[in-house]
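Enquirer: Listed below are the residues making up each chain.
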Amino acid sequence: MKYEIEKDIMTDNYYLNMGPQHPSTHGVLRLVLRLDGETVLDAVPDLGYLHRGMEKIAESRTYSQFLPFVDRIDYIAALLNEHGYCLAVEKLLGVTVPARAEYIRVIVAELNRIASHIVWYGPFAMDLGAITPFLYAFREREMILDMLESVSGQRLTFAYMRIGGVRQDLPEGFIEKARAFCKYLKPKIDEYETLLTENAIFLKRTKGVGILSGEAAINYGCTGPVLRGSGVKYDIRKNSPYSVYPELEFDIPTGTVGDTWDRYKVRLEEMRQSARIIEQALEKLPSGPIMAEVPKIIKPAPGEAYGRAESSRGEIGFFVVSDGTQYPVRLKIRTGSFSNLSALRDLVKGLKIADVVAVLGSIDIVLGEVDR
Amino acid sequence: MTLLFELIKQLIIAAVLLGFIAVNAMFLIWLERRLCARFQVRIGPNRVGFQGCLQPIADMIKLLQKENIVPKDSDQLIHLLAPIVVFTAAFMAYLSLPFGPKLIALDMDMGILYIFAVTTLSVIGILMAGWGSNNKYSLLGGMRSVAQIISYEIPLVLSIFGVIMLSNTLRLPGIVESQKGFFGWYIFQQPLAFVIYIIAATAELNRAPFDIPEAESELTAGYHTEYSGMRFGIFFLAEFTSMFMVSALAVCLFLGGWQGFGILPAPLWFIGKCYAVIFLLIWFRWTFPRLRVDQLMAFGWKILTPLAFLNILVTGLLISVK
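Just so you know, the sequences run in chain order A and B.
So the first sequence is numbered by the numbering used here: it starts at 1 and just counts up by one.
So the second sequence is numbered by the numbering used here: it starts at 373 and just counts up by one.
By construction, these hints were calculated from the structure, which means they are not laboratory data.
Wrong hints could be hidden among the right ones.
[To be verified] Covered by chain A, per the in silico footprint, the following chain B stretches (three or more residues, Cβ under 8 Å):
1. 486 to 492
2. 577 to 583
3. 656 to 666
Glycine is no exception: its CB is placed at the ideal position from the N, C-alpha and C atoms.
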């Protein structure tokens, strides 16, 4: 009898519920982990805790009324979302945006991209157990938010762009401030690198962890830094140019292996490139109107249009269908985070719990964007 | 009558040590918060009292007022006892720490062995906390902690062998006395052992970069996830208690103990050196990312332990050549 009991002793897999309340699922993502000790056998993301029905809301709002909602899709890169949305509606209307407005849009959007990458950099380091980089990075984010506040009056959900242009012109002194900031930022990014990049522990935690091949990334529909980290040189600003990006010079950083470290490097390099773009745009900023001639009540002719922009988390796309009234019939939002997150399950199989956190951090999701 | 006298004496010693631990912990809380703020380009708490010196007291009052939440399906007794076990293990080591030439509660012949024996007991408390909380995160944290402390105990003890071989004694005051003058400190004769000791001790303390058992971003708070109020406070107190203990041991073994060079009294030298080591530990914590659990084990077994053996071999050879 005793013998039999001893024979029955065995180890078993178990489930661990990671989230929706968990410090490193970056919001309300729930991951159902099947574990063998510390090894992850399966990780199933459970979405929908932040679903607000954005696409349905759009159907009962006019085109301009929906703009503030767009901010709240990816609240960390609000201006980049607005840019995508405006592009879609402007395409539907057939409006040409004045040059000055286009440049202003690029400047504020790139500033927002840097701020967004900072919000990735800090928590990513935190996920790996280093708390200090977070505060270093947020010091610079504060400056960006101050600048964007002086432009738009808001610090997070700006509602600054308008269909056909931007709400108001740049305030006095902004150009000098932005120029000084770009100059200030570059050594600060080097400082971020000193804090992490060559740290032996950091390398151990990120090199070769969560390798996403370029092919797999394309198959999953990954975009943005996740795709570029896998070595695919694809950036909507270059591959499907919009706004005034063709007139500006910048490089698209890519990784080689597609591991967590590559995704990290790509984002840091993108911050440098964004600073470069801002400097050029400030240089070339023309004078002129900031709004196109757009009717007060926007009633696009029946038809459909797709506007896409390169957000800090991949492609943000708006597919708008109009039936001639002032409300869109259908508005479909395509976000980077959602597609990027779908790769997670494959990436973390066979890794440890700690790696799940690292890989998830390197994918950089915003739950508002995943659930919409 | 002698029994009564002995009992009163012991009570006084215990009270003095407890008082020291409490004051020390409060100072360390303040020091850690202020220092980490400096490392992080912040200012840190500076509102309560002069430069925030009363902040730890405010924190403690807050902790005392909080409700003690015990999870419904937890193992009540084990859950209750765990913080006490962890703290007691750390506290008992203070019994044979030499703060000065004659300033030691109990001068044992095998003082150092005693310290290692009792501090290892804290593992049991941590595992109790992990098990008793009935929470998978806690259990994972508890198990990680046991694996970690047991693996790092070995290089830790091995690293001090060199010092013991040089000083020919297991008595802590004896070890301190055998280090004569600044260049007599064992850190100069045993630099490798000192490095191994500091690394292994950081791992023993479960502090970053080895804070895997309480890895905030992975296991929320590890083994003390389910503790609140003063019970959490006791875990915190235990951490600072063992932090000072580990530093004090480093000072005794490698940095000449209470011996100083000026007019300052010996205990002040001792405590000052301890805080220098603690500063190093705090610096580590706010600089490094965290290792992964398997990398941590590999580091302990494959790098630190062989190095510690190598250190013993070299020390032994040098002693026999002399």
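Enquirer: A separate judgement is required for each hint: does it hold in the structure or not?
Expert: A quick look at each hint next to the structure:
Counting residues of the stretch 486 to 492 of chain B whose beta carbon lies closer than 8 Å to any beta carbon of chain A gives 0, which falls below the threshold of three, so the coverage claim is violated. Given a C-beta distance limit of less than 8 Å, the hint that chain A covers the stretch 577 to 583 of chain B holds, as 3 residues qualify and 3 suffice. Only residues whose C-beta sits within less than 8 Å of a C-beta in chain A count toward coverage, and the stretch 656 to 666 of chain B has 9 of them, enough to reach three; the restraint holds.
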